[in-house]
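Based on the hints, put chains B and C in the right spot on chain A.
Residue numbers (my numbering), protein chains in the order written: chain A, 1 to 255; chain B, 1 to 359; chain C, 1 to 483.
Any given hint might turn out to be false.
If we take Cβ atoms under 7 Å as the criterion, some of the chain A residues that face chain B in the derived model are [what the hints assert, rightly or not]:
1) Asp80
2) Phe81
3) Lys83
4) Pro181
Hints are computed from structural coordinates only; laboratory data are not their basis. Every value quoted in this text rests on a predicted model; they were computed, and no experiment measured them. Idealized CB from N, CA, C, for every residue including glycine.
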Amino acid sequence: MNFDGKIVLVTGSSRGIGAAIAKAFAGEGATVIVNYVQNVDAADEVVAACKEAGGDATAIQADVTSGEQIQALVDQTLMDFAKIDIVVNNAFKPYTFDPDNRKQFWDLEWQDYQDQLDGALFSTYTMCQAVLPALKKRTQGSIINMASDLVARPTIPYHDYTTAKSALIGFSRNLAMELGPLGIRVNCVAPGLVYPTDASRKTKERIKEMIVAQTPMRRIASPEDITGPVMFLASDWSRFMTGQTLYVDGGLVMK
Amino acid sequence: MTEAQIIKTLLDFIAADGTTDDEFSPLALEIFAYQFENNIPYQRFCRQREKTPRTMQSWRNIPAVPINGYKDLTLSCCDPEAAERIFMTSGTTKNGVRGKCHHPTLSVYDTSMITAFRQRFMQEHTKLRMGILFPTEQTMPNSSLAHYLALALNEFGSDGSRYLFNDDGLDHEQLFAELDRAEQTGKPYALLGASFSFVHVMDKMSHLGKTVSLPEGSRILDTGGFKGQSRELELNEFYDLLEARFGVPRDHCINMYGMTELSTEFYDWGNATCPSVKSGPHWIRSQIVNPLTGEELPKGDKGILVHCDLAHFNCVSSILTEDAGIELDDGFLLLGRAEGAEAKGCSMAVDEFLKAAQG
Amino acid sequence: MALRAGYLPGINANDVEWQTLTYDRDGQAIEVLVPLLSDEQMKDLSGRIKEVSRQHLKSMAVSDITATIDAAIARLLDRNDTYRQQAEEYLPLITGYDAEMVRLGLTGYLKTFRQSELRRFVAEDFVNPKILDEFQPLPKGGYGRAYGPDLLAHIWAGNVPGLPLWSLISGLLVKAGNIGKVPSTEPLMASWFAHIIAEIDPKLGQCLAVVWWKGGDVDREQALLNQADLVMAYGNNDTLHQIRDRTPITTRCLTYSHKVSFGMVSKAALDTGKAWEVAHQAAYDIVRYDQQGCYSPHLFFVEQGGAVTPQEFAQYIANELDCFEEKFPRRSLSIEEASGVAAWRQSEEMKSFFAENNAVMGDANDAWSVAYSEAEEDLAPSGLNRTAKVISVKQLDDVPARIAPYKAFLQTVGIAAAPEELQRLAGMLGAVGVTRISALEHMTAPEAGWHHDGRFNLLDLVTMTEVERSAETAAEAFSDYVD
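Excised from the complex, chain A in its bound form (with noise of 0.2 Å):
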């Protein structure tokens, strides 16, 4: 897989699945927009591996919240690099994975659903509608939206979170039936459990055997385990895939 020369916007890449990500494609000759929010520390580092792996690399702050601020992080882009050619939309309103203190349906709030739903669902509807114009020009581009296996089997209901993601795959199936005839692709990958992320750094040993024990690989995820099937969506390897969800969490969930 060859991304010489390929523009590819990661959202929230400073840390966790999201760098993996922007390293990996680095690793591949690409030139990646680590997109973070706070920490421009470690946006920094992310960028200097990127360029150390082979490809190239410059951080961008952007709250994908915020419409605006998506805007100006398309814009940015666009003036110095002239196109887009990759999107990955990663970045989610913070959640931790907390099984044994989550909280159960009657005491959520619509408010908590809405959250996840504008962190996640949101800044995917936001950044995608902000790149298209890039897009549609060339004819070609492809979309990834990062979902969740829970949207499958929720082993653990978290409502709010789980909700989100089920919107996500299904905003990205109407959207890959419209882009389709431009030539622009939308697919979503599902990670399980991935650790060590901000979101799992408090799980339980007891919760990770759990699932071990119920995942044909044996193990969990580590961010890396995740990039592949990215790049893989990313690249000409799956020009004739569309509005597919590629669930990677070693067997866990088979669909």
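Just chains B and C now, kept in the frame of chain A:
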């Protein structure tokens, strides 16, 4: 980099003995960044091609503006009003519009010309008595060729060198006087001018039954082609005639390939065989490309010539010509204009349409 | 193994000079032998054909001729027939067009020459087709009979497979003797057809010939021009000019020059449900034979105000062209053809710098280009080889006035519009010189009997011999039963 820094760097670069690709590319990319930022129409062109300084790795990828672009766009980094000199393209105009190249200073152009000319035309001579078959640059202030020849005369012409043109055109009297004088003194002589002027001169000499035998070491420099200005000759025929009329052997007849849209010229090492191999100094590089994709073609394949001329810093370094060529180890072969193709069916092609619509 | 083009009845192959044309496509080289007749041979051949045409052809019934042509076409439609198989194998290699495109294109094209269509062809031009066989009463009185020329010379151009068949069949239908000169770019189809005709009906086979000479060989050309009663010529304006100039003044010369055809899309066709389909149809017309036909669209005027904007429509077309590249890859271009496309693209790019929304879509690496413009643009050809322009217009009614100055280049307009619009636009377009209005996806597949460039395919070829009423009346007095 500022304009002043670019100029200084270029002058130093030109003065160097030779430069490798590793030295050429970084400077080319710096100049490209400068042009991208300061030449807005060029920036738009680059954006259309999805190229920015950020993504540029090598001089080979610098977007080459097609030569016609000079007619459609004002390609200048400096304020056009502030230019020291403006050279305008000759040839076919588009709605009467001629392409313009603005030079904020002629220092780089002149240094480029003088350095290469010394090496490629003067060679073992420091000065030569010269005759110029072209109008002065006062008469043609927007002609780059007029300026080029004026430079040659001023820098390298020994006493007595002169223009062989007056207000009515070629001054045959003076020309023949100079030729006869050279023959008698036995000192090498140089005749420089437009190719079509040579055709006119030789036709006149043929009419008069005149030939001369210029002394050993004499040189001829022709440039520009014949189209529309004189009868057309095959290259071999042209150089045979030069040898016959002037007594200058074909390998001392040097053709200069240049254009208004560049600040550097190409030469061959004589025209003993045609077409000759053309090459330029170390601050200009050429590529043979597919005109549509811009992709470089392998050595030996016929394609369209792209030149990356660092000296042409105020406009655009990289130009896509309309000339076909083949790359060789020591330069390239110039194969003439690449015409557009006619449709293979009954669908109209642009050239034919324009002709019909104007007529 | 070299293929042989040409069809020369009554001439021994050994007596003719043969030249070899080589076609080099993506590594495969095909050689085709083409016959170069001397002036004497051309004169003799012309004489023989004229003779047979007078003696035999003129006394054949048109229905017999259509039956023979139908049988020949049936063979070419039959995928198991050797000639058809040769066509499918070699035409793609010689022309460079995609093999699938050639196969589908041939079948579609040949279907318009089956007997049922040929009858339509004849009926289109002749109210009473019997007038080609025998004297028929004329509406004005007296009798008339239509005679085709003894020798119809065809000078064909271009490489769209099978195009020569159109005029050749037209010539046969009016019982003309035919000598056709094939283009170097595709010398085989006409030759094969002639051979098949000869196999089915040997006598008819003596009434036609297929020859060749190198483009620009004016002497060879003159030899045929001097013998013909009627000349049909195809090519660019310069070529046609000099053919017409050198045709004797007493010989009629019909010329078919290059055209710029285009499409029009109404906002009625641009709703969210149907717009893509329309774009697909438009793209198909662009892709057929890489736009080399006179009926191929160079540009599309697309109306604002629909749910799908003209810009989006252009983007749909762009993607469709991308998809068609998978199905019918464009043939590889020579450096000259690539220069032509590059020049057009670059010119469109320059224009896009001055206007916000104008754009050129497609990579330079793509086998297609779509330019989009919101400016008031005039009719102009594209760079061909799957390059097209989409021009956004306020209303389609504005278009006819805009294209009116280019009458000489107008031919086909493909329209996607509502019925009332179609009628209205047809009137306006006809008034400025458009001669054919079709649906999109059909621009490059004219119906049998279409009026090529608005002319009459068969009527233009014949002369009418009339027996005036005065002659009839006068003869009455000399009958032996006069009272």
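### Satisfaction of the aspartate 80 (chain A) interface hint, Cβ to chain B closer than 7 Å
holds (5 Å)
### Task
For the hint on proline 181 (chain A), just tell me whether its beta-carbon gets within less than 7 Å of chain B.
violated (22 Å)
#### Entry: Interface hint compliance - lysine 83 (chain A) to chain B, C-beta minimum distance less than 7 Å
holds (4 Å)
### Closest C-beta approach of phenylalanine 81 (chain A) to chain B relative to 7 Å, hint status
holds (6 Å)
Consistency note: the structure conflicts with earlier hint 4 alone.
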